[in-house]
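Asker: As you go down the protein sequences, you meet chains A, B, C and D in turn. Going by the numbering used here, the first residue of the first sequence is number 54, and it counts up by one from there. Going by the numbering used here, the first residue of the second sequence is number 54, and it counts up by one from there. Going by the numbering used here, the first residue of the third sequence is number 54, and it counts up by one from there. Going by the numbering used here, the first residue of the fourth sequence is number 54, and it counts up by one from there.
Warning: the hint list may mix true and false statements.
No copy labels: a pair is met if it fits in one copy or bridges any two.
What the hints assert, rightly or not - BS3-like mimics (lysine-lysine), calculated; alpha carbons at most 27 Å apart, straight line:
hint: 1; residue 1: K162; residue 2: K146
hint: 2; residue 1: K272; residue 2: K234
hint: 3; residue 1: K274; residue 2: K232
hint: 4; residue 1: K338; residue 2: K272
hint: 5; residue 1: K272; residue 2: K162
hint: 6; residue 1: K234; residue 2: K274
hint: 7; residue 1: K162; residue 2: K232
hint: 8; residue 1: K274; residue 2: K162
hint: 9; residue 1: K232; residue 2: K146
To be clear, the hints were calculated from the coordinates, so they are not data collected in a lab.
Number of protein chains: 4
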Amino acid sequence: MTELDMQQYNVRTDLALEAKEMAEQLGGGGPIPGIHSETSEDNGITITHLHVQDEQGSRAIGKVIGRYVTIEVPALRNQDTELQNRVATQFAKHFETFLERIGVGQTAKVLIVGLGNWNVTPDALGPLVVENVMVTRHFFELMPDQVAPGYRAVSAVAPGVLGITGIESSEIVQGIAEKTKPDVIIAIDALASKSLDRVNTTIQIADIGIHPGSGIGNKRKGLTQEILGIPVIAIGVPTVVYASTIVNHTIELMRSHMEANNGNNDQIFGLMNQMGEAERLQLVKEALNPVGHDLLVTPKEIDEFIEDIANIIASGLNASLHDAVNSDNVAAYTH
Amino acid sequence: MTELDMQQYNVRTDLALEAKEMAEQLGGGGPIPGIHSETSEDNGITITHLHVQDEQGSRAIGKVIGRYVTIEVPALRNQDTELQNRVATQFAKHFETFLERIGVGQTAKVLIVGLGNWNVTPDALGPLVVENVMVTRHFFELMPDQVAPGYRAVSAVAPGVLGITGIESSEIVQGIAEKTKPDVIIAIDALASKSLDRVNTTIQIADIGIHPGSGIGNKRKGLTQEILGIPVIAIGVPTVVYASTIVNHTIELMRSHMEANNGNNDQIFGLMNQMGEAERLQLVKEALNPVGHDLLVTPKEIDEFIEDIANIIASGLNASLHDAVNSDNVAAYTH
Amino acid sequence: MTELDMQQYNVRTDLALEAKEMAEQLGGGGPIPGIHSETSEDNGITITHLHVQDEQGSRAIGKVIGRYVTIEVPALRNQDTELQNRVATQFAKHFETFLERIGVGQTAKVLIVGLGNWNVTPDALGPLVVENVMVTRHFFELMPDQVAPGYRAVSAVAPGVLGITGIESSEIVQGIAEKTKPDVIIAIDALASKSLDRVNTTIQIADIGIHPGSGIGNKRKGLTQEILGIPVIAIGVPTVVYASTIVNHTIELMRSHMEANNGNNDQIFGLMNQMGEAERLQLVKEALNPVGHDLLVTPKEIDEFIEDIANIIASGLNASLHDAVNSDNVAAYTH
Amino acid sequence: MTELDMQQYNVRTDLALEAKEMAEQLGGGGPIPGIHSETSEDNGITITHLHVQDEQGSRAIGKVIGRYVTIEVPALRNQDTELQNRVATQFAKHFETFLERIGVGQTAKVLIVGLGNWNVTPDALGPLVVENVMVTRHFFELMPDQVAPGYRAVSAVAPGVLGITGIESSEIVQGIAEKTKPDVIIAIDALASKSLDRVNTTIQIADIGIHPGSGIGNKRKGLTQEILGIPVIAIGVPTVVYASTIVNHTIELMRSHMEANNGNNDQIFGLMNQMGEAERLQLVKEALNPVGHDLLVTPKEIDEFIEDIANIIASGLNASLHDAVNSDNVAAYTH
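Just need the whole structure built from these sequences, with the hints factored in.
Answerer: Below is the structure:
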């Protein structure tokens, strides 16, 4: 299924892992050329390294070429503090390896960007992380000789959203990057997934930056190495599913339900297939009329989930960016 | 359709108006015994007075006996300041009349209760209103002789939710009411509607208090005159639709779509009707598995909508509760 | 110096330790009858156990009879994460001992009360702690059989201040306590100290509850065992000094400065002593005219200090209240 | 008194009006060359137009060359809604005239910058204004043909402070300005005054931009036309007095008190004057030891005052920047 197809199906996901799964399902389950993927599991935490190697792979799953690391922790919504600490430690470890693999050195200056709207709970992930990471750049600027070893220069901003500032977040970040000259940008954003299971249980790290349309917000311009001239690492967590995804899913379920119950009834089978794309889209539109497709589906306890994950990411970033922060006790370094 | 039926259908609404519309639709459109309703329209603002007069009416629409005033303003999401002011003025006028009709006098002491979770944007309506209303009770307590005429004693609390305090909001309110002895409670809560059209465009005023299960939060205990011994007026705004409502709606749409396209095909017709309640519920469950039925559907711009409506309600309350607040310029009295 | 004297001197402190120091200074340095005090120091953390044993001691230092534990950490403003963890652990240990000594058992149900105004940074300590402690009471109420061992029932509320709710915080707490029947109340409040050194570096634990006039807010009613029928433990941190304290301090400094420079000049000496209380108070009033004595002096970085200390207290409370929370890694249990 | 002198006296004020008053007092009350000033009063609102015309005037009062408009409303702390509306209207009128006089046209694109720390109540003025102004730039960018007449392109950002972002606010603003090309910047900042009377009762508008050291924050770099190439208008409100100002004031009061009581006593007079600058500074340092000079003195009710003034400024800006916003009812255009 190409990106075009997926858009038609209105089953939107920001997770490369889900896009690959969907493509495999449609393709009959075999390996997809141009996609390399490896999965390991450790005590409730599943790590997948997915590499979109070329244009063919990119087209096949509708995601840009690059490396994606996905950390899945189904039990993360249980608010188990010990598990959260383990996830922070794993995240720190994998993020550190990720930085090394893409060539970001130990003294590279980092700008952390928290995308999203701090006034909308499921979109507040990025700003929450920014609030909780250690910033150190000003010490390097003001008293470079006195900074203890084991730290690097880290700055952090939450650029807000168009409705709050009147300015594209990418323009704000670009302006700040040109003035402050970081060596790498780490952008944190709330994502949409296809599956409700993955909401608030999954972290994706990717070296692809932020592309127009990704994440919950209406980004019209990207934050990428092409635009900014420095690597842009994206960290994302699905915090919502689009309402249109759920409606489409329901239609699919109903189709298969009826097909299952009337499998060898040619007339029914024909009827099901009669309902073409146009009709299906019309149904989705009616079901969600009139507010459009930007309706978010989110669990009621989103505030607790999002705070927990923001802390995990902030802790993990502190530990992987600063040698002096001990990865055994990363939780202590967030506020 | 009785309340039981509606629960089966999982089409949940906190609006009496929608419940009545659904009941009418199922009943063939005629008047419902025990329900009296009158509607007027004024320059884009539709006001419906709905009276659930007796047990029969109550059973018919699944709402408790009482008076409901609904203010519908389809254009309210456009963020038109002038319209917002008109709505605040209309709300103030109708709320004042409502107070008179249920016998709440001009000097009755008021406790305003903002229900809901301030950390979850669509559930933050009540706390936001509390933040913006004028509180005056302490002046009456500390220097009763110096309070200017035209004011009454108003206090306001946001009791939080179970996950934040560990205590039912109703217990907190009951405790405070017993200590502070208000004459009437006004409880503001975010609601769920059936229709996306009504989200953030509708205000419901009712003299029925807060009942277990109403509103977005998991209230297990109510705030009613029976429990508290004083009238409890509920002000609510639908800020979400439940995901299960949308899934059910989709299934209904698909049924009617197929029926429409194969109207006189007995086999298809039979097939549609074969799918009984159990199967339908199973489909809903699958579509929303595994997070359950408490998924909220909300527009992405919920922060702006909810702030606007909270200001309208706070302004309107200030104007209707205090004679000294001029209803011509109510907006000035909120922060 | 009696309480009366100290009030005349307008040198206000909520710390029993400072009150004792002032009394000793005035008394010539000897022990004060009715006051027992022991101090120990451990790696930068000084712990003082101060016991106001009787009415004589109480009058001498102007503090009510009871036990006070003071934890002083001069380096706490340096934002050293490791030190913060050590302080949290020490606080947990001493608070646990404190609970035992005053007879609060391991299953006693706790209501944590965060006093103060969340909108004023130096007064937001209590609300911040409430936001960060684990609440568990609802699990005990809803599914008592499923709560894991090692936890007790804890609820938490921030009652707000008079200007926000129109209700005394003590009335709100009393109402909630009567409904929810905790066995003990732990009230957290921001305090005023005499010395700027102690601001944001000191934690006081006392078994005396909250008395009218204590803390930053204008409490007119207390939260004490007499009123509530259950023990009330007060945890406080000085986050401000009153402006009048600083003005008085300046006058004293200037007096001693001039006396030092003109020690044996009788005329000057007489002049200094001529300036009686009335004149001095008039000077203070002029220096602070017209806003009055409720001006707060606070460091500009108050937001970081207060967040750090709120986390220390929340972590410490979680560890001392729940056996299951390991006191080795208390930091992990706050959000 | 030159700027140097005032710094020695540690009596810091960000208000040109106060600096002029101090200079007049020291100079014996006559007019100051290079300073032109006119004052008018209207129903409790005093407007002063102060023009620092040349280097001589600038040195005399220690403020940079430029135009300063000061709006003083002693009753503003009384939270009188009607007065607040009148002040918003007056502010709008004078700000509009100010824009015209410095040549900012009706279609000039505006970037509003809210300086300061949103986590510290008295420093949160700028961010609060930004939260409440209308932003419109994105409509002009996305659908220029559909913007109603009477509006101009306005964007707004709160760049945060060094301790939050690790970046100078001026660098952030410069970066954003270079990307988004506004024609004029309006920077809002919380100020320090010399007099407690002026705290939260005074608004200063100036065409001089933001200079290092001005405002509460530790700005080390400015936001000026020289740096940015476009006019920078500064709007400020004193929300604090520095503790050192109050201590110095106390010392002065004590000096004059003693002199008054012993006017013709040569020995005393000599003694007073003996206490030179070094000693005085030492006294100030001792009184405020060890936290340094950055202690803020602020009234306890700062949260209410600052919200009221932020609304006044936001309303006034909306009315003066957009013709379509009627200056008769400006309050309605803030959230």
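Asker: Which earlier hints turn out false for this structure, listed by number in ascending order?
Answerer: Hint 9 is the one this structure does not satisfy, whereas the remaining hints hold.
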